[in-house]
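Protein chains in written order, with numbering that gives the first Met the number 0: chain A, 0 to 435; chain B, 0 to 435.
Accuracy of the hints is not assured; some may be wrong.
Chain copies aren't distinguished; within one or between two, either way the pair holds.
Claimed, not checked - Below are the DSBU-like pairs computed for lysine-lysine, each with C-alpha atoms no more than 30 Å apart in a straight line:
1) 160 - 63
2) 18 - 127
3) 390 - 421
4) 190 - 249
5) 298 - 18
If you're looking for bench data, these hints aren't it; they were derived computationally from the structure.
2 protein chains.
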Amino acid sequence: MTKKKQTKVAAKKADGVVKVALLGFGTVGSSVAKVLAESKFPGIALTHVYNRGVERKRSSAAAKFVPSTAVWTENIDDVLKSNVDVVIELMGGINPVEGWLKKAIASGKHVVTANKQLIAYRGVSLQKLAAQHGVQLVYGAAVAGGVPVIPGIRQGLGGDKVVRLSGIVNGTCNYILSRMEAGAEYATVLKDAQGLGYAEANPSADVDGFDARAKLCILSRIALHAELNPDEVATQTISNVEAVDFVYAKELNCTIRQVSRAQVEGAVVHARVAPMLVPLSSPMAWSHGTQNMVVTSGKFGGDVVFSGHGAGGEPTAVAVVSDLLAVSQGAKAVELPVRKRQVTGEFLAPHYLRFVVDDKPGIVSSIAGALAKVGANIDSLLQRPGYPKHKLPFVVTTEPCLTGTIERAMKSIGKLDCMLEKPLTLQILAAEDKAE
Amino acid sequence: MTKKKQTKVAAKKADGVVKVALLGFGTVGSSVAKVLAESKFPGIALTHVYNRGVERKRSSAAAKFVPSTAVWTENIDDVLKSNVDVVIELMGGINPVEGWLKKAIASGKHVVTANKQLIAYRGVSLQKLAAQHGVQLVYGAAVAGGVPVIPGIRQGLGGDKVVRLSGIVNGTCNYILSRMEAGAEYATVLKDAQGLGYAEANPSADVDGFDARAKLCILSRIALHAELNPDEVATQTISNVEAVDFVYAKELNCTIRQVSRAQVEGAVVHARVAPMLVPLSSPMAWSHGTQNMVVTSGKFGGDVVFSGHGAGGEPTAVAVVSDLLAVSQGAKAVELPVRKRQVTGEFLAPHYLRFVVDDKPGIVSSIAGALAKVGANIDSLLQRPGYPKHKLPFVVTTEPCLTGTIERAMKSIGKLDCMLEKPLTLQILAAEDKAE
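Bound-form chain A, shown alone (with noise of 0.2 Å):
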């Protein structure tokens, strides 16, 4: 901790000015160049702005939030060749990022980035270079948008031991979930979250849990010290989720959110995003539309709730300016040292799991049987009426048991003839994940 290289002042030059070149001018570019437009933060100056058909950015209604003596480029040496003293980065994507960003980093810029799976994958690898060179690799916008969640962890609960946390990460699909926990179906949600731009045409980064990851992982390694690679932690889509789940979980007094866990255990971390069943008394549940909500457990301090707009040009921009601020002034980030950790999909969790059936005698039976050959006690059976015989769905919850007992007894359970869609689980979360 004593010994280590002082880190650069940004606003080392003659002129004191910070020269901030901008990656990127697309709704959150735009929106970082409306906010320092109108805020007028002294002694920061945007003077490049990178991006693949410039000229068409160049004449767009936000290019009047540049200052008109900017270079605007479409050749990225322009920008690391230059003088600026801040690369913002809002490209997304491992390559060509990664090595623009190396290169920048090499000559001694400070980088602040939005880049989740860039920091999921490089970040250790980044800070350690950034480190060799005295300059600052920050990238607070990358999780929860404007909600100062990677700062406040890093800043505010350092002294903690933090040994859980639980997220909403991705507005995406608490876009979907929220609204169809309101009675709409998955296909039309997912339909009208494209026509909003929260969703992609192709929707799997998101309903997949494939950002949600990246996000749990830069979680991982600020909060629990953990280093996980993100090809390692488990996922299961939302896409199956269907609107009768949404019925049975009120009636457990639960609604179901697309959820990332980790949690510490010995050198082991539990990790996983998937749609899970959240006590409608849980901060989970309080979470709609396109929040996000991210809650630490710490053995201290006990749970921490943070909360609000994950995503949107400007919450995300009042993320990235507030790293430029931090780095203009040579605020540092506490650093504590990470750990590479093995990852697990196990939880020991109370399930929920659905079955569609062609409804015939002994199908309870033969269900109740295969979980009890894994040892996996029922802790309650529940069948609302209104629906047909040949297309019954139907709830089973466990008691808590491993995540992988209940896959197991749930693969021979899906391979019964009655059986009219694959059996969906969904583990439920604990009320020790509910605030106080």
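Given the coordinates of chain A, work out where chain B should sit on it, guided by the hints.
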């Protein structure tokens, strides 16, 4: 921004160890010692403990968390004249602590404090002194204990323009009011709170809003960049909120919380600490027991919610130790210019007016007349059955009007013969304060 004196990194001594003195070994102080002992952050050593009657503290159970080499003293000069790098102040109050900390700062010691009154009244001048001496003054524990509101706002919302904040920052009041929400009477709950150690024998600082007011002023400085004189901020006691008010609040889809609000309008800050009606759908209503919650509203980022344990030894110790880590690593907070602001207690808001009357014809007409005279429009009139005619509580709500306007009307209404108690006026928190 660019010519600022470089702040010293605490770990400046030859042995590379940051030496720490604790002033105050009560609940929080002993928890700080515990967290440091259990977490074993490298390069940090607790070397001095100051407390009055120190021998009693030294023989307490918590003393086991203090290294055997540490100096225990009741002579403050043993700390001030020592070579400690960081002084952690947990005594509270302004005198004599202010003088001690000035001496500590002048002799090059960093200061970490949880002292809300000191920071509310003297924070700006102490900060100036610290900057002159190139040391840090940090106080993340002064508001909302273990909830990283101060570091979260400083490092994560510097890029936004926060225009409004609402907080539940006094755990004692929140405990009392959320117990009353569940049906208990004020006097009973206050007694319980005193028994549990949540409330002092003289509960005035908590229930009359002075504790929350100091915190509101600190939050205004951090989030709104507005320096307020705490003595000028309006407060209203929670002690005349009665069980019946929760009955009527519920009828209005609300509950009652002690809310601390501040809102920027041009060069003026509207600020008030008072029991208010809070929509059940608002984050403010989620907060139960001794939980704290702060909601900031930014021009660019919208609403951000921070919530968790605002008091208690270990949560507060988390904030203190997090600040200590930041100081030890030379991780400064982002600093933005703060301006002195005029304060007004006026809010344009709907109001809840509760009367207890000896019921006679003409009362409603008198009240309506007094309200009409000041131009306040009645929004609803609520009178629940089941109360005796000779001691009848009933409620009027108004459309949005200024606090002062309502107060003028209530003064004349209070003089009506039929009034058995001083009528109660509560601001109703508007829907704009609801999280999406």
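Right, here's what the structure says about each hint:
When the C-alpha separation of residue 160 and residue 63 is checked against a cutoff of 30 Å, the pair qualifies only between copies, where the shortest distance is 20 Å, while the shortest distance within a copy is 46 Å. In the homo-oligomer, the alpha carbons of residue 18 and residue 127 lie at most 30 Å apart both inside one protomer (23 Å) and across protomers (28 Å), since each shortest distance falls under that limit. Within a single copy, residue 390 and residue 421 get their C-alpha atoms as close as 13 Å, which meets the 30 Å cut-off; across copies the closest is 64 Å, which misses it. In this assembly of identical chains, residue 190 and residue 249 lie within 30 Å of each other by CA distance solely inside one copy; the values are 25 Å within and 38 Å between copies.
Only between protomers do residue 298 and residue 18 lie at most 30 Å apart by alpha-carbon distance; the minimum there is 25 Å, versus 42 Å within a single protomer.
Taken one by one, the earlier hints all hold for this structure without exception.
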